[in-house]
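Novice: First residue of the sequence shown? That's 2 in our numbering, and the numbers climb one at a time after it.
The hints are simulated quantities; they were obtained by calculation from the structure and are not laboratory data. These numbers come from a predicted model, not from an experiment. Each hint should be verified, as a subset may be incorrect.
Each pair of labels, with its calculated beta carbon distance range [stated by the list, open to error]:
1. LEU126 with GLN102: 35 to 45 Å
2. PRO50 with GLU136: 17 to 27 Å
3. THR200 with ASP97: 12 to 22 Å
Keeping only pairs whose Cα atoms sit at most 25 Å apart, straight-line, the calculated DSS-like set for lysine-lysine is [what the hints assert, rightly or not]:
4. LYS107 with LYS154
5. LYS79 with LYS186
6. LYS148 with LYS189
7. LYS189 with LYS60
8. LYS148 with LYS186
9. LYS34 with LYS189
10. LYS60 with LYS148
11. LYS186 with LYS37
12. LYS189 with LYS80
13. LYS79 with LYS189
14. LYS34 with LYS186
15. LYS152 with LYS34
16. LYS107 with LYS152
17. LYS37 with LYS189
18. LYS80 with LYS204
19. LYS79 with LYS204
20. LYS148 with LYS34
Glycine included, each C-beta is placed from N, C-alpha and C at the ideal position.
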Amino acid sequence: MSLLKKLFVIACTAALAASAWAGGMESLEAFVKNAKSGRAEFTQTVTAPPKEGQTARAKVSSGSFEFQRPGKFRFDYKKPFAQSIVADGETLSLYDADLNQVTQRKQAQALGSTPAALIAAAPDLRALQADFALEAAPERDGLQWVKATPKSKDGQLQSVQIGFQGDALAALEILDSFGQRSVLKFSKVELNPSLPAGTFQFKAPAGADVIRQ
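Please put together the full structure from these sequences, using the hints given.
Specialist: Following this line, the structure appears as structure tokens:
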């Protein structure tokens, strides 16, 4: 291949890569701007760093996810253990069915630089950029990606990568400061559905221990 052809191929490859990278940022901006509500099913795979001499073990769970911007969301884990995380705009409630225990915190203190803030809490891209450094990442697995790094170093979150299929949310890859990796893959995604008024209202089950932090 002549030098001119090589330069042409390199230039074309760089242009395509830049286009794909820009696509991730464009998808995130469109998602935050246009997706006022949504619901989906998800599968979450959590992999902790392996101990010396051992292989890494993955834990898989699944459930459903709903959100309404700004600041309301609900994760209902169904398998293998029942657990709910509900944010009503003021309070974040975590319910563990096995323990019959509810932990509640003020939402403003609990969210900030978290994956939930990326996909459900922020009203616009500018609000996200107040808490995260955002950069486009290379396309892979047929998805456009954005990497979000918290500006605050106080939390346990190291980085989040958000994957989009067009303008639809498809995946989250979360890395915490302990090296644990959580991958959420979304399916049956519906954007802007009409959600029942009580979707984000949490009422502690009878007899549950309620811990307020």
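Novice: Each hint needs a verdict: does it hold in this structure or not?
Specialist: Okay, the hints, checked on the actual structure:
| no. | hint | result |
| --- | --- | --- |
| 1 | LEU126 with GLN102: 35 to 45 Å | holds, 37 Å |
| 2 | PRO50 with GLU136: 17 to 27 Å | holds, 25 Å |
| 3 | THR200 with ASP97: 12 to 22 Å | holds, 20 Å |
| 4 | LYS107 with LYS154 | holds, 20 Å |
| 5 | LYS79 with LYS186 | holds, 15 Å |
| 6 | LYS148 with LYS189 | holds, 24 Å |
| 7 | LYS189 with LYS60 | holds, 22 Å |
| 8 | LYS148 with LYS186 | holds, 16 Å |
| 9 | LYS34 with LYS189 | holds, 20 Å |
| 10 | LYS60 with LYS148 | holds, 24 Å |
| 11 | LYS186 with LYS37 | holds, 20 Å |
| 12 | LYS189 with LYS80 | holds, 17 Å |
| 13 | LYS79 with LYS189 | holds, 16 Å |
| 14 | LYS34 with LYS186 | holds, 21 Å |
| 15 | LYS152 with LYS34 | holds, 22 Å |
| 16 | LYS107 with LYS152 | holds, 21 Å |
| 17 | LYS37 with LYS189 | holds, 17 Å |
| 18 | LYS80 with LYS204 | holds, 21 Å |
| 19 | LYS79 with LYS204 | holds, 18 Å |
| 20 | LYS148 with LYS34 | holds, 18 Å |
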